[in-house]
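Once you've looked at the hints, dock chain B against the given chain A.
Line order of the protein sequences matches chains A and B. Per my numbering: the first sequence = residues 1 to 494. Per my numbering: the second sequence = residues 1 to 929.
Incorrect hints may appear among the rest.
What the hints assert, rightly or not - For the chain B half of the interface with chain A, some residues (derived, Cβ under 10 Å), not all of them:
| hint | residue |
| --- | --- |
| 1 | LYS37 |
| 2 | TYR248 |
| 3 | GLY309 |
| 4 | GLY310 |
| 5 | PRO545 |
| 6 | SER790 |
| 7 | SER795 |
| 8 | VAL806 |
| 9 | ARG811 |
| 10 | THR823 |
| 11 | SER873 |
| 12 | ASN877 |
Hints were generated in silico from the structure; no laboratory data involved. None of the values given here were measured: they were computed from a predicted structure. For every residue, glycine included, the Cβ atom is placed at its ideal position computed from N, Cα and C.
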Amino acid sequence: MKIYEEAQTTALNFETRRHFLKQCTTGLGMMAMGSFLQSCNFLGGNTSDPLANTGNPLAPKLPQFAAKAKSVIYIHMAGAPSQLELFDYKPELEKLHGQLCPQSLLEGKKFAFIRGVPKMLGTRAKFSQHGQSGAWISDMVPYLQTVADEVSFLKAMYTDQFNHAPAQLLMHTGSARLGRPSIGSWVTYGLGSENANLPGYVVLASGGKNPDAGKSAWGSGFLPSVYQGVQCRSKGDPVLYISNPDGVSGDLRKQSIEAINAINQKEYEEFKDPETLARISQYEMAFRMQTSVPEVMDIKNEPEYIHKMYGTKPGEESFANNCLLARKLVEQGVRFVQLFDWGWDTHGTGKHESVDIGLKEKCMESDQPVTALLMDLKQRGLLDETLVVWGGEFGRTPMQENRGGLTQAFYGRDHHTEAFSVWMVGGGVKKGYSHGETDEIGYSGIKGRTSVFDLQATIMQCLGFDHEKFTYQFQGRPFRLTDVHGSVIKEILA
Amino acid sequence: MNISKILYITAGIGALAVGYFALSGNSDEIDYSTQVKPILNKNCIACHGGVKKQGGFSVLFREEALGKTKSGKPAIIPGDPEHSDFIARLSHSDPEERMPYKTAPLKKEEIEILTKWVKQGAKWGEHWAFTRPKEIEVPNKGMFAGFFSWFGGKKWEKNDIDYFVSDKLEKEGLKHADQAEKGVLLRRVSLDLIGLPPTEKQLNDFLADNSDDAYEKAVDQLLQSPQFGERWAGLWLDMARYSDSKGYEKDEGRSIWKYRDYVIKAFNDNMPYNQFLTEQLAGDLLPNPTKSQYIATAFHRNTMNNDEGGTDDEEFRTAALLDRVNTTWEMFQGTTFACVQCHSHPYDPIRHDEYYKYLAFFNNTRDEDVPDDSPFLREFKSEDSTKLVALKTWLKTNVSDKASAEYEQKVRFLEPKIHPHWGDQFVNGFLADNKYLSVRNGGTVRFKQMPVEGKTRLMVAYGNKTGAPTRMEVHLGSPDGKQLMAIRLDTTGKGGWTNSWDYKVFDLPKLSGKQDWFLKFTNPKVKPEESTCVIGYFILLDDFPGKGKAGYETGQQMFMDLVRTDPAITTPVMFENPADFTRKTQVFDRGSWLTKGKEVQPDVPKIFGGLPGNLPKNRLGLAKWLGSKENPLTARVAVNRFWEQIFGVGLVETLEDFGTQGFTPSNPELLDFLATRFMNEYNWQPKELLKEIVMSATYQQDSKANAALLEKDPMNRFLARGPRVRLNAEQIRDQALLVSGLLSYKMYGKSVMPYQPDGIWNSPYSGMSWRLSDGEDQWRRAVYTYWRRSGPYPSLMTFDGGSREVCLARRIRTNTPLQALTTMNDPVYVECSKFLAKRMLQENGDTEAQIRKGYRLALSRDITPQKLEVLLSFYQNTYKTYQQKPKEADKLLGICKDDAIKPKNIPSTAAMTMVASAILNLDEFITKQ
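Looking at chain A on its own, in the form it has when it is part of the complex (with noise of 0.2 Å):
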């Protein structure tokens, strides 16, 4: 039974056509009456029931409990970085170094590519510690080291998939298979959006490549269409379609626009039907969107400091750029920033895929803006109410990569679910603080592990969602984005 999706069609059709029949009749299909939802109070009062409907069904709506985060930047390092040279400081694996791989830890597992008995590999980085809390930060981030105290480690990370895309898909829809809504999905249909001449779910992708798991990870799976991430790009339109044809002005397409609703207005007078109306606003909303979209995809008009700041070149595909469109999207009330950076899958297969060189490549690409996103929400006051959210799609091993049994030109660490380490700051999560603790050589979660699903079960939390409770009815049963998993992760809230 769909009934949320019933009830919600059916809200839609009694709610335009009363509001406009009653209340709003006379300024149909006109331009000049400015934004068509808010000027005729369309979205009514508000509502505790996230399934109470109004016609935009990206309207803002109020979250089941009243939480700190109001909207959501999350940072996937598509590849996995490794945790061993970032934030899990394992002095006693660095001893290990160069040993043959104690067979009890390759018993009965499966790894992608190790074969045989591997050496141990201890970190290829310095590590020290910084701030109040004394946080263990590798050298590979100095920048973040100096923001210590506001950052909330999860050191004990697992989950169950070892290939990318699967686990990119579970990381991001809860499911290792195609076909699931994404967490950002998941969020925009239960909060909507605070801006409505921006779509409500922006993903931005660098280094290059969408993510192994393809446009799926931020898919709307059995959702409405409506609530997919919309995919920014920095070359050509920022929105596929946004711009005008050649030849056409903003006053022409203003215009057409007026002629299409005018038509579309008097179609409605003659069938009735409430998509109608629908579709005059939506045209509307296109016709702001052309001019709000790439105003906020622009980092030109950026003061200088803030270039500085970022490490941003306007006009570029870069993570910096993508991190500066990120605080810019948040402030514009966009609900949920997702960012993609291709190019953390560190084997130690060639110079570019090893955890010594490669790995503090990327590190050196996308250390400084994160640091700046950080610092930046903060000097504006967004932090409280953003989550921001760092990691991988899974760990990386304490053992060398031996693919085909052979020692690897580079240092590389093969794929690992057993550990791995995810951070957040900001909206309702405590600052300066460490989760959950890896045996000696991180190899394995001991204290305060914490699985995929207790991410996003958390993240849902700080948004103001009990993940139990919020469902979608599909296929004659309730999902939800943690499946029959996850528990929040009281220890980290504020």
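For chain B alone, coordinates are given in the frame of chain A:
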């Protein structure tokens, strides 16, 4: 905003259905399905159902409900509500004891129903959809006909559907609408049946035809049109999750377009639905299957394939298998089955192990998530086909039919392959990219339990580019065990991961049973870290048949030549495992493929009576059962789907769920009437069914609504008006192409790549790129567009196309600004606007006449004066703008790559292009009304 209102309405629809069912029996008798089950589902089953059994009590199955609970006593005692704890707990004074636990108590009426029901013996009834549809009498037919004719009145009903609808309308106090205007109706039925609006000529012919059967003639023409199959294939491909790529990380291409051709042809040929499903599920198991029947089985090869390095093929084979089970249920049975993977069905009486019994039907195909999508049908270029004919002729004359068929099959499929992932216990060797056998000098690998019984030859598909021959020894039982044979794998031109293999065949000594083989590779020329060769797969063969017959050597040579020939087209298909390769099926404990429980045999769930004894316990038996009249769901689900495509909402709104959690049908009698007629009178043929639907007066109604009607029936469930529904993604594109005159009617073949912006395809580790198709291929119907899972065609996605990852039974229509941006700014639509403008400008007369023309081309009706006024003034303003800025007009028209419309009068062409674009963006244009 009032959710209760909606629930009220929904409940109202439910209540009507309840009314119907209740009236059909003795009114004192409580009906389980309609009165008891809804209460149980809503209030009890979450804790006492298929998932949780709190207190040892469950109300899913009768025997469980009447069994002893944890308290040691049964909770329900039939005939004795006073002593039934189940009833007592409903009004217990202690809130800790009172049920439902910690939520509002049941209503008095509900408790009364349950009490009465227990008193009457707590009988379990069957859910309506799980019992066979009954023949239903058409209501009131003939009753008023005489009456009306006395008064010279004309009855509204045109066929049997209408009697059901008018019966319902009367009960609801509603009145049917007038017939839609002629042009509007032609556009509607044309879009519905062939997915395209009428051409100008079709419209004019129809308007000029004043005969009584003008409409029927038009319908018949549409049903015969070759475009019919293209339209209906679109629906099917969504459910079949058809895609031109394999999915997951690399998402490389897959050659499976022949399946799409099959579906289009099947619809055009009006293939009976039960035959259609049988061929797709089990075409390979039919006697002497045709090529087309093999290709039909590509249906379940549309599952995804994971080529990511490091993945476990068995894990993803299992994922594909589960998907096949779930898709089969969702598509043909409209029933949720996926949840039974982990536990008994929470609401419907289907047990956990029944999922795996069903899965057992599918668990014995040869596909194993390997990168080349094996098994696949190999089709040859014509000259190679001649060789195949020669081989077949030789075999026919010289060997038994069985052996002849077997060897033809070998050439067509090269199966059963033994894939490298069969190997384990590697020493100095590994699976390259987790896919190909790659052993270094002196290394070994084990192939466990090789099915060698009766086999006399070993075929090796390999590549060796080391420059020196590699020696492969086969040892029995251990790397140093008895040496069975040693073979020489010479260097090859071909071979490697991306191009095809070279094939060598070696004689085996006489062998029996199954043996553990240890393969040892030596090639002293290679460096220590290099592989001695790369092996794609092995095939164990028996003797080439017909030994001693004339031309034996030639026959064998022809066979090997064909094995070595690269096929022109390959299509992944179903290929049943031979006995030696049979897998057993075990229940997955809690749904995890890693924890396997008891072994099960193929069967269908008990609630459906199990698989009839006369059917084979394989996919063919399953398909026959699905397509039989005894199956309660198949015809209903099919009829409902066709109905939904026409009316926008199904008779059962939840197309995907006919179970107890799905919606009750809005008109259950009509559903059953159509289902039985579909099976019995139409022999399951879709065209007859569709004709009946579109010939009804119900369908031909005007689609205008009014306030009262919207209040009473916002979703048009009672059908007091005609359907008004936004077109689907494919229709929107195809219509724009047709109206602008760009549409190519070319049918069939490989997928095409129409214009797409850069950067849509961006999958890692993939060299695939979007290459703009040439000429008319850019303007083919949407169904032929290349569909890549990780980057589906943007404009189709924006209009709610599915990503084709899993079965999509119903597209949910959305209405978004991105859709507006697409039809306004996507270069495809800009191009269409220009070509439509060109057609408009060819019209003699003034601008007004030209705009009238454009509107009529697009909408098959005449423009009203008010609308004309809007477009005319828009034209004039735009014209002025472009007159002042001719360069801008140039730019707009310059996008056009076709010089055919090089304009003489640039401002007017540009202005008309903008008018045409506005027409292509009208609500009424992207809507069927």
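Structure-based check of all given hints:
no., hint, in the structure
1, LYS37, "13 Å, violated"
2, TYR248, "5 Å, holds"
3, GLY309, "7 Å, holds"
4, GLY310, "3 Å, holds"
5, PRO545, "41 Å, violated"
6, SER790, "3 Å, holds"
7, SER795, "8 Å, holds"
8, VAL806, "4 Å, holds"
9, ARG811, "9 Å, holds"
10, THR823, "9 Å, holds"
11, SER873, "8 Å, holds"
12, ASN877, "6 Å, holds"
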